[in-house]
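Participant: Line by line, the protein sequences give chains A and B.
Position 153 of the first sequence, counting from 1, maps to 159 under the working numbering, and the rest follow consecutively.
Position 61 of the second sequence, counting from 1, maps to 515 under the working numbering, and the rest follow consecutively.
Don't take every hint at face value.
Stated by the list, open to error - Straight-line C-alpha distance at most 30 Å; calculated DSSO-like pairs for lysine-lysine:
#1 B/K560 - B/K524
#2 B/K531 - A/K60
#3 B/K560 - B/K531
#4 A/K60 - B/K524
#5 A/K117 - A/K65
#6 A/K60 - A/K89
#7 B/K560 - B/K522
#8 A/K55 - A/K89
#9 B/K560 - A/K55
#10 A/K65 - A/K55
#11 A/K55 - B/K522
#12 A/K117 - A/K89
Claimed, not checked - What the simulated footprint calls covered on chain A by chain B, stretch by stretch (three residues with Cβ under 8 Å from a Cβ of chain B suffice, anywhere in the stretch; the number is not a length):
#13 44 to 53
#14 83 to 94
#15 98 to 111
#16 152 to 162
Claimed, not checked - Only part of the chain A face toward chain B is listed, based on derived beta-carbon distances under 7 Å:
#17 V59
#18 M78
#19 G79
#20 R116
#21 S119
#22 A166
Please keep in mind that the hints were generated in silico from the structure rather than gathered at the bench.
Every residue, glycine too, gets a C-beta built ideally from N, C-alpha and C.
Single-letter residue listing:
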Amino acid sequence: MIFVTVGTQLPFDRLVRSVDEWAAEAGETNVFAQTGASQYTPSHISSMKFLGVKEFDRKVSQADLLVSHAGMGSIITAMEMSKPIVVMPRLARFDEHRNDHQLATVNRFRKLSNVFVAESEEELGRAIDEALAANVSESQENHDAREALISSISRFIDSAGPQMSFSA
Amino acid sequence: MSNEIQRNAGPRKVLAVASGGGHWVQLMRLRHAFEGCECTYISVNAEYAGEVSPAAFHLVPEANRETKLKLIYAALKILAVVLWQRPDVVVSTGAAHGYLAIRFAKLIGAKTMFIDSIANAEQLSLSGQLAVAHADMMLTQWPELSDGDGIQYRGSIL
């Protein structure tokens, strides 16, 4: 199953429409899209505007592939669940976001083994094919960087003195 | 009437604050750091409470610099939690809610840490830039953004 998500805050009609058109062409029916505030209603794939957290997590774990806007939450979720993810950056000129920081996000994260980038509708089909064919796992480097950060936070907390309180 | 200074021995009280979406996801990736602490969470989605239960969770509205009224309401609620909980440490993965919590935490002498989102790969977020003057520790998740002064790199969630 391919799970598509646009996030909870802004519409992303361009992504939903691209996936819908791709599914029609590819004859792919096992696709579910969380469309959020998007206006476009897909005709070739199942969809729902919003999902509860549990339902969302369930869909992610059942998915063979995630397709998403280039939001950090989606990318991190994909890494945690070892799922390949195709990301399409939201663009400010289409009113898809306040600015183009999702372009910076895709440039930074395209080197992760599970991240595939479709910068435009035309690139979506190829990105999906590549993602479905890929083998995905967390690198030791990623693991170590996270452990280092967690240790730093722990040490910071330990070094904080307990709060003093006055009693009268 | 006598004034006695009482030291709270025992587990550190931590207040962990995150705005929604990626900010919360990143906080959850780091929560191992709070093991052994009494941790209270503040965020913007009621469903997040279940992820940290039985730890206390306080809900505040989603708010950023473009939603002034919600920001004021969120600020008041965060202030109330800080004054009531009196944490030893405030840790935040951003954004505006984290900045507010850190400002208020300084009023009670708590130690504060702001961890800029991994999404901010080119420069520190606005909340981070505002918080750097107030937080005891400001972390970026990209080594090239550390400046050997106020902004440090200690690792990343990915």
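Participant: A separate judgement is required for each hint: does it hold in the structure or not?
Facilitator: Structure-based check of all given hints:
1. Restraint check: the Cα-Cα separation between B/K560 and B/K524 comes to about 22 Å, which is no more than 30 Å; the hinted pair holds.
2. The suggested pairing of B/K531 with A/K60 holds, with an alpha-carbon distance near 27 Å, which does not exceed 30 Å.
3. Restraint check for B/K560 and B/K531: satisfied, since their Cα atoms lie roughly 16 Å apart, inside the 30 Å limit.
4. For the given pair, A/K60 sits about 27 Å from B/K524 by alpha-carbon distance, which is consistent with the 30 Å threshold.
5. A threshold of 30 Å between alpha carbons decides the hint, and for A/K117 with A/K65 the separation of about 25 Å falls inside it, so the pair holds.
6. A C-alpha spacing of about 17 Å is found between A/K60 and A/K89, which places the hinted pair at or below 30 Å, so the restraint holds.
7. Annotation: proposed proximity of B/K560 to B/K522 holds, straight-line Cα distance about 22 Å (limit 30 Å).
8. The straight-line distance between the Cα atoms of A/K55 and A/K89 is roughly 22 Å, inside the 30 Å bound, and the hint therefore holds.
9. With a C-alpha separation of about 41 Å, the suggested pairing of B/K560 with A/K55 is violated against the 30 Å cut-off.
10. The hinted pair formed by A/K65 and A/K55 meets the criterion: a straight-line CA distance of about 14 Å does not exceed 30 Å.
11. For a cut-off of 30 Å, the pair hint linking A/K55 to B/K522 stands: about 27 Å separates their Cα positions.
12. For the suggested pair A/K117 and A/K89, the alpha carbons sit about 15 Å apart, so the restraint of at most 30 Å is met.
13. Remark: the stretch 44 to 53 of chain A is not confirmed as covered by chain B, as 0 of its residues place a Cβ nearer than 8 Å to a Cβ of that chain, below the required three.
14. With 3 residues having a beta carbon nearer than 8 Å to a beta carbon of chain B, the stretch 83 to 94 of chain A meets the requirement of three or more and the stated coverage holds.
15. Coverage of the stretch 98 to 111 of chain A by chain B holds in this model, with 3 residues showing a Cβ closer than 8 Å to a Cβ of that chain against a need of three.
16. Coverage of a stretch by a chain is defined here by at least three residues with a beta carbon nearer than 8 Å to that chain's beta carbons; for the stretch 152 to 162 of chain A and chain B the count is 10, and the condition holds.
17. Interface restraint check for A/V59: the shortest CB-CB distance to chain B comes to about 4 Å, inside 7 Å, so the restraint holds.
18. A least Cβ separation of about 3 Å between A/M78 and chain B falls short of the 7 Å threshold, and the interface hint therefore holds.
19. With a cut of 7 Å, the hint placing A/G79 at the interface with chain B holds, because the nearest CB-to-CB distance is about 4 Å.
20. At its closest, the beta carbon of A/R116 sits 12 Å from a beta carbon of chain B; the interface hint therefore is violated under the 7 Å criterion.
21. With a least beta-carbon distance of about 12 Å to chain B, the hint placing A/S119 at the interface is violated under the 7 Å criterion.
22. The restraint placing A/A166 at the interface with chain B holds, with a minimum CB-CB distance near 4 Å, inside the 7 Å limit.
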